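Asker: Just need the whole structure built from these sequences, with the hints factored in.
Chains as they are written, first to last, in the numbering used here: chain Z, 1 to 229; chain B, 1 to 229; chain W, 1 to 229; chain C, 1 to 229; chain E, 1 to 229; chain G, 1 to 229.
Just to be clear, a hint being listed does not mean it is correct.
To be verified - Quick list of in silico lysine-lysine cross-link-like pairs, DSSO-like style, CA-CA up to 27 Å:
(1) W:K16 with B:K16
(2) C:K155 with C:K16
(3) E:K162 with E:K196
(4) G:K208 with G:K16
(5) G:K33 with G:K208
(6) G:K208 with G:K155
(7) E:K162 with E:K208
(8) Z:K16 with E:K162
(9) G:K16 with C:K16
(10) E:K196 with G:K33
(11) W:K162 with W:K16
(12) Z:K16 with Z:K33
Calculated from the structure, these hints are not laboratory results.
This one's a predicted model, so the numbers in the text were calculated from it and none came from an experiment.
Number of protein chains: 6
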Amino acid sequence: MARYAVVKLGGRVLFKERRLDLEYVRGLKEVLKAALALYDGIVTVVGGGDVARNYISWGRELGLSESSLDMVGIRLSRVNASLFWAYFHGVTPPDIPATISEAIALLPAWRLIFLGGLQPAQSTTTVAALVAEALGADRLVIATDVDGVYEEDPKVNPQARKLDEVTVDQLERILVRDVRAGGYALLDSLAVAVIKRGCLDARVVCGKPPSNILAALRGEREGTRIVTT
Amino acid sequence: MARYAVVKLGGRVLFKERRLDLEYVRGLKEVLKAALALYDGIVTVVGGGDVARNYISWGRELGLSESSLDMVGIRLSRVNASLFWAYFHGVTPPDIPATISEAIALLPAWRLIFLGGLQPAQSTTTVAALVAEALGADRLVIATDVDGVYEEDPKVNPQARKLDEVTVDQLERILVRDVRAGGYALLDSLAVAVIKRGCLDARVVCGKPPSNILAALRGEREGTRIVTT
Amino acid sequence: MARYAVVKLGGRVLFKERRLDLEYVRGLKEVLKAALALYDGIVTVVGGGDVARNYISWGRELGLSESSLDMVGIRLSRVNASLFWAYFHGVTPPDIPATISEAIALLPAWRLIFLGGLQPAQSTTTVAALVAEALGADRLVIATDVDGVYEEDPKVNPQARKLDEVTVDQLERILVRDVRAGGYALLDSLAVAVIKRGCLDARVVCGKPPSNILAALRGEREGTRIVTT
Amino acid sequence: MARYAVVKLGGRVLFKERRLDLEYVRGLKEVLKAALALYDGIVTVVGGGDVARNYISWGRELGLSESSLDMVGIRLSRVNASLFWAYFHGVTPPDIPATISEAIALLPAWRLIFLGGLQPAQSTTTVAALVAEALGADRLVIATDVDGVYEEDPKVNPQARKLDEVTVDQLERILVRDVRAGGYALLDSLAVAVIKRGCLDARVVCGKPPSNILAALRGEREGTRIVTT
Amino acid sequence: MARYAVVKLGGRVLFKERRLDLEYVRGLKEVLKAALALYDGIVTVVGGGDVARNYISWGRELGLSESSLDMVGIRLSRVNASLFWAYFHGVTPPDIPATISEAIALLPAWRLIFLGGLQPAQSTTTVAALVAEALGADRLVIATDVDGVYEEDPKVNPQARKLDEVTVDQLERILVRDVRAGGYALLDSLAVAVIKRGCLDARVVCGKPPSNILAALRGEREGTRIVTT
Amino acid sequence: MARYAVVKLGGRVLFKERRLDLEYVRGLKEVLKAALALYDGIVTVVGGGDVARNYISWGRELGLSESSLDMVGIRLSRVNASLFWAYFHGVTPPDIPATISEAIALLPAWRLIFLGGLQPAQSTTTVAALVAEALGADRLVIATDVDGVYEEDPKVNPQARKLDEVTVDQLERILVRDVRAGGYALLDSLAVAVIKRGCLDARVVCGKPPSNILAALRGEREGTRIVTT
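Answerer: Here it is in structure tokens:
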């Protein structure tokens, strides 16, 4: 059986002061190249980031539905995926897949592919979880701007304790769902539900420095491990 | 602005004793034909029904992932959609859309289209809500085997009171989410969340007789109306 | 030049008493895995089986055209192909190809792919023959519920003699074509015509036990060999 | 129910001395424009003609399989369809459909569409019959270079009598199948089988002058009518 | 014959101080709605604007090829097209066409469609000219941030005289081609060449206020008319 | 990084006296097979040749737009690509890519792919340059019927001197652009512009004998080298 991994890269990790963080992207390339020695295929799901947020605010002023706003954000996340594909493979990329089936069709030949969002009312974290489940992936790494899951929101309570491990049931209690376009929490409840039913080996890590992602892909102790059993 | 409606037809309404209920399908045709006089376009989302359940149980015995089981169920719901398309339009149908974008591309020319499921870990009720939101539909009718939303599960407590109206917040408290393949509840929490954020005019009705669906499409008092404000 | 093989798996072999024969499917996996050592690519074409037959009977009662009934059957055979793809590769599959060109586009990267039917008024045996011809396949194995070609229908005349070899001209005389949806004979005349013009190395074997298929793929004496010259 | 017609235009009618017969194509435009007043949609299937024959002979010298030769011929018939689409609609055409489903998806919006071949080992006459069956078409007109069906091949026996009507069973006895690429007879047996099972109102007419086609589309007595009951 | 128009909206018209100019977009909606009374179909091609410029500068720092940078810009122009589609039709849009053929396939059913770029090394003005030629459009309106074609660049020589009419030959002498990604001139030479060979009725107008575009679509004297004969 | 090459084969090289030059095509197969040892992937772009010219003249008499004529030529170049694909790979080919993105999606799995034209008003030489730029190709070989670039058109001035090297700026001065369908010059200005901005290692060689192409792919001194710096 082929070994696969899925990495979710939040927009907050990729953008710094409304600009793509180029230094970070360069580091990421080294990390994913190294990780290809460990897996037959890696799918990286990237978020929309600040640019998506701008577009969504413009669309909201025009009175677009939340569904259309989400699609605008999804298309921007695919622009990000496209830029990454070009940078990592050195070629002008094929169309970024719009369904899980399309993504899976490309994986055997490309080994390293990049996705953005797929559907309205769905976070890119959920996309990553769905792809991981569809591939029977050995590992799902969620790279975000905090270094793991906390008992409480660390931005609200700075005393909150980081957890090395968290069960999905604990996680469900901690998280509050928010499905307004562009405003998803760290982990939405659908992502957690997919991790749970798919018994996925999922880890939440701080995406910076990129070596954290490699450590998590190697199965090293990093961030918070989500325990599904 | 064009006027659109979306109808969700649960597998339980369409199948009787493991067979497609042909009498019912015939009645449905009259209803949807009549409804085309009220709307510029109608999207009908059909579930997988008993046949999907069989396939899913076979796949589970083979050790398929929940994701793959869901995809098998989705493909069966598209077979149902295909059979309906052929019956309602009298032609061998085009491919059943696999994304919301594909569905919307076909709608202006066809006016009446049929979908099955779209993605793993997503009920066809959520598909219907997403399509309704994407179209800015004037009405979403969820046709199921009970005559509306009850305070409690009427199968558990036969004394439970049917509600004429229910707010989305009430609804969220009533429903319990279950995302194992093929085992979704009446309304899963993602469908409710989309109804809420899209301020959709959604109604839950008993799909039998089919005239209930027409009544709901006409905005008549039928089943339970979900109040989003 | 790459070496390819095509296997046709009749619905009768896959289903037993209206259920997918799971034991058989498990055995098949071993066989196809072993066969991948012999070929650069293998295309397996699966029939619709009992479930397709049910759907077709429902559609016929609704007055669907033979064309639409065939398409319903085709879509069900693709559900079967999808379930097999998931089981053999351990991933949620890409969309099952709907044309020969799409099938061939996927083969180099996947090596083992699964198809259902392609067009109305065409058996999956014909699909298998067309794909074999398109690939210049080294071998076409037609796995069915009889152990080869008989001089006469063995269900009618139990005394009928099984043939070790049959020329395509003999075969054409033996077979009677029947193009009503879902009711194809062992080998329809179009399949035979393609085998003939493509000079395909075709064998008809009993699909059970699955080792028969491996034997035929190895070129061992098994079932009936169709002689094209 | 929408009313549809399908017209098959043989390559022999369209080409004269290895050149497209432009005068004829101009006349055809008037005919199809007039016919659009009678039908909601018309599908015209065009053959490959002399150019296809050249390509196929080149490919045969290179040792291509019959399947690949057929695909080359199919692609040339689609070039013809593309040229017609441009001429009849005055726009650079969309991609010529490669499956029946794709053709049907385009029909409601375009009303008049043009197809070439679809699959190896299949004549464009069979394509026309399959499309007619898929649409539940009211009429299928096969325009060729003879003025109907004869008891015997009129090129062999000049005394042969033209038939005003022929039953499908008579027809099957008259025709001899030939599936070598590019060399199909007037009507191959698969086309006849589809006409039979679909109970299609099919007529074989001489495509020249084009007014014959209009007469046949109007249901007037022209050429040979194929009787299916 | 159907009447079509094509409008090119430059990124500079749509964006103001790095933000989408919402007031302008609202005005545009009125203009295009009014214009639909004059034409059977209108294709609006939108540029990438400031956001595309940012992305391209990031990609350039990462060392992407000009081809990949162009594709990133193209994908951003399609995000803009997608936002416009949602705003003008009130629905979450289908996928933005990636070829001229795909665009033309959608036009009859939608009547008003939005495109971004199509290919590397090609301006959206060229896209607009190519689509206008492909449709045999009656009018091509190029809306930009200057009020027409000047004898010299008005930003360099403020004394330069605006031309009411310009022949394509004059135009070719005035323009200087520049194919670096994102830095196209008012009208690149390929756009001019297509206008010339297609004898298109093309006008360059100041896109602000939007009523200028309507005037040009009505054939009123506005901006500079390009004379092709 | 993967190593790629792109070869443009002009219609004039492939056709001799209105027939495909089969001897030449056979020689080409050896050359491309040998070249696959040097590159990870090779894209060959083929022109339309004489057959395309015939079709275009027919379409012009019917009054088709230059855009539609170009598309007819493009579709014929894809027929050529399809015939080559079948001959070089021994299989009935997948659909010939219609965009650069589709081409790139197929390359990793197939390694040797064949394209025709992509868009109206664009030569296949420009297609080859665009694909080379998109792939970051190490070499672009333009095989035509002259042995390199001359100071002047050698057909006009037989004394004209062949250049071993030419800078892109020199080249731009030498070439005259002509965008009428089917009548492109040796190298159109857009192709030169892409070669320039992409800093492509481009060579113009006489396509006959095919060994010239192999020499150029090996980087040997052959024909004219275009110097971009």
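Asker: Are the Cα atoms of G:K33 and G:K208 separated by 27 Å or less?
Answerer: Judged against 27 Å, a Cα distance of about 17 Å means the pair holds.
Asker: Given the proposed pairing of E:K162 with E:K196, does the C-alpha separation stay at or below 27 Å?
Answerer: This hinted pair holds, its Cα atoms lying about 21 Å apart.
Asker: Checking one constraint from the list: CA of W:K16 to CA of B:K16, max 27 Å. Satisfied?
Answerer: With a Cα-Cα distance of about 23 Å, the restraint between W:K16 and B:K16 holds, given a limit of 27 Å.
Asker: Within a Cα-Cα threshold of 27 Å, do G:K208 and G:K155 meet the stated pairing?
Answerer: holds (18 Å)
Asker: Against the 27 Å threshold, does the CA-CA distance of Z:K16 and Z:K33 hold or violate the hint?
Answerer: holds (23 Å)
Asker: Quickly compare the C-alpha distance for Z:K16 and E:K162 to 27 Å and report which way the hint goes.
Answerer: violated (44 Å)
Asker: Does the structure keep G:K208 and G:K16 at a Cα separation of 27 Å or less?
Answerer: The given pair, whose Cα atoms are some 12 Å apart, holds under the 27 Å limit.
Asker: Take the C-alpha atoms of C:K155 and C:K16, compute the straight-line distance between them, and say whether it is at most 27 Å.
Answerer: holds (18 Å)
Asker: Is the Cα-Cα distance between G:K16 and C:K16 27 Å or less?
Answerer: holds (23 Å)
Asker: Holds or violated: E:K162 with E:K208, Cα cutoff 27 Å?
Answerer: At roughly 17 Å apart (the allowed maximum being 27 Å), E:K208 and E:K162 satisfy the hint.
Asker: Assess, step by step, whether the Cα of E:K196 is no farther than 27 Å from the Cα of G:K33, and give holds or violated.
Answerer: violated (43 Å)
Asker: Just to be careful, I want the Cα atoms of W:K162 and W:K16 compared with a cutoff of 27 Å; is the pair within it?
Answerer: Holds: W:K162 and W:K16 sit about 24 Å apart, inside 27 Å.
The earlier numbered hints that this structure contradicts are 8, 10.
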